[in-house]
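There are 2 protein chains.
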Amino acid sequence: MFALAREASPRILRALLLTMSDSPRTSVGIDFGGTFVKLGVCRGGDLLETDEPIPTADFNGPAALIGEMAARVAKLQQKYPDICAIGVGVPGLVDFEHGFVHILTNVPGWKHVPLKAILGERTGLPVVVENDANAMAWAEFRYGAGRGLQNVVALTMGTGIGGGLVLNGKMYRGTGCAAGEIGQMSIDCDGKAGHYGNLGALEKYTGNKEIAEHAVQRYAEAHITKTLEECTPKKIAEAAKAGDDIARQVWDEVADWLGTAISSIAWLLNPDAFVIGGGVAQAGDLIFDPLKRKVQSMLSTVVWERLQILPAKYSNEAGIIGNAALAADAV
Amino acid sequence: MFALAREASPRILRALLLTMSDSPRTSVGIDFGGTFVKLGVCRGGDLLETDEPIPTADFNGPAALIGEMAARVAKLQQKYPDICAIGVGVPGLVDFEHGFVHILTNVPGWKHVPLKAILGERTGLPVVVENDANAMAWAEFRYGAGRGLQNVVALTMGTGIGGGLVLNGKMYRGTGCAAGEIGQMSIDCDGKAGHYGNLGALEKYTGNKEIAEHAVQRYAEAHITKTLEECTPKKIAEAAKAGDDIARQVWDEVADWLGTAISSIAWLLNPDAFVIGGGVAQAGDLIFDPLKRKVQSMLSTVVWERLQILPAKYSNEAGIIGNAALAADAV
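Keeping their order, the protein sequence lines are chains A and B.
No gaps in the numbering here: position 222 of the first sequence is 222 in my numbering, and each next residue is one more.
In my numbering, each number is its position in the second sequence, counted from 1, plus 1000.
In short, the hints are calculated from the structure, not lab data.
Only a predicted model underlies this, so the values are computations on that prediction, with no experimental measurement involved.
The C-beta atom is built at its ideal place from N, Cα and C for all residues, glycine as well.
Mixed in with the good hints there might be a few duds.
[Said to hold, decoys possible] Sample of chain B residues at the chain A side, in silico, Cβ under 7 Å:
1. Gly1176
2. Asp1188
3. Cys1189
4. His1214
5. Ser1264
6. Asn1270
Extracted from the complex, chain A is given alone in its bound form (with noise of 0.2 Å):
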């Protein structure tokens, strides 16, 4: 190796420098949800192997979750022994930079957590914690739909709305790492009110939930009863597939709605793209069409025409893969 370098043109040397430095890293990515963790071992943006979820509620408070996390680590090195690190995404908020869990709303027991420090000293790997929202974002900026952007906004719609900012190429945390809150921003100051008391919430209109209210709503306004579970964003895709135009008019209303707050967004950040995932994303081009109109008609041109609205590339490995490459581009 240094017998070559000593003959090697500055130019190749870089390049063999840029190559070493950009080969994939292995390692385990762990999508800690309310229900199951997850784990897999992934390889630059590749996810080689899923384990067994972990069912969340089988395991009395952090320790004895954790110990299990550790055991499946283990029992992955067995096959990847060059598995060198590992990051844990969780549904809440945390101390990025010691790795410190503050409160996992929906995962009782879990309330300030040095998850980094046990997780780590008991499996000898460097651990990285992020939020599940950051972890969603860096997967779609690293290897999904947001590659080879600088400034990319992760939305994630479901119950909730989650959000992720990689700003200038890097994961931007906010002061006390609880940025990305798309869902908390209001559209509207006299509207309805949030989770915290906050007039207008974006999730207050397009939560699942909210988003089968407003179905039921205009059915009835059309004198068609229908239930919630008939409402559900699958199902009213599925009927505006169908040519139902009222399940068509929610759509563009949600469009409406999400439009509002991510030209919001753009004229705050300017950014490349927009990457939206989760259940509202799979309704394709029904809620992707209206909401590029939205968006555009509510932006100047030199901001829209820089600006994607794009499809997450993952689905439910996002968490997994944007974990896993979080903790490989930290070490």
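Given chain A, put chain B in place with the hints provided.
Leaving out everything else, chain B in the frame of chain A:
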């Protein structure tokens, strides 16, 4: 110096180097407005001297005006031979990297002007060209109300509402150098149309003219006839201080609108501080007290507890100081 270096301890050397690299540099700040071009010499945030303002309309096109800027800089260099750079802030869209002015809608003839190249060639000094709101943000971050913080959102409230973002200690410009347009963000998805057709644009509620119009209307509802000139933000502030309930109500409403946008930005960016300058900020507690109450009511404890809402330190001199600082920090 080198003899000292050989004998000094590494700790002392480090301190010495730090002092040297932090020692304030002398630079020129140029605040390019639609009416006047203002120039000043700054050092470490101190405005050492301001030159006579140049009436923008006195010069026919970019070449002549840039020539005058260069002549003024040459004059200032006689007194301050250590001037090391020039920063120019312009009221419009720039390409920061190339110091290129795309267009200044309020200055005839300013379209596609390579300002950095021309002014640099004329003066022989490094030139930085920035958007004016970004320069104001940098002044507050480096030497003003946001000093020592990492994530600062600056707002300038006047006819329109400009903004600038300092994130992780760096100016954040966005993909097309168009970030920070807080005045265009929507606070009402069904609201008043902004300049770009964007519904609910904040500045259509809290721009100086819009505040006056709103006050006239509130007085009219109470059967009091007032003109727009009697309802400038300054006069409404005087009236509120003198105990006028309607004027006070107007400020509360302005705080509600502004607070809606600020809380949305806080959810998205989780910053250390908002720094608010311009005419509206002059109303002091009349605006800041209800604004803080509103923003607190819209945020989680986690985001609110670390957040400051501060009046700007600088007013008219913000442009000169910010541009000078951007230039000094860049060389």
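With a cut-off of 7 Å, does the beta carbon of B/Asn1270 approach a beta carbon of chain A closely enough for the hint to hold?
Holds: closest Cβ of chain A sits about 3 Å from B/Asn1270, inside 7 Å.
Restraint: B/Gly1176 near chain A, CB-CB cut 7 Å. Satisfied or not?
5 Å, holds
Do the numbers back the hint for B/Asp1188, that is, is its least Cβ distance to chain A under 7 Å?
5 Å, holds
Should the hint that B/Ser1264 touches chain A count as held when the rule is a Cβ pair under 7 Å?
4 Å, holds
Hold the hint about B/Cys1189 up to the distance rule: shortest CB distance to chain A must be less than 7 Å.
4 Å, holds
Holds or violated: is the Cβ of B/His1214 closer than 7 Å to a Cβ in chain A?
14 Å, violated
In this structure, only the earlier hint numbered 4 is contradicted, and the remaining ones agree with it.
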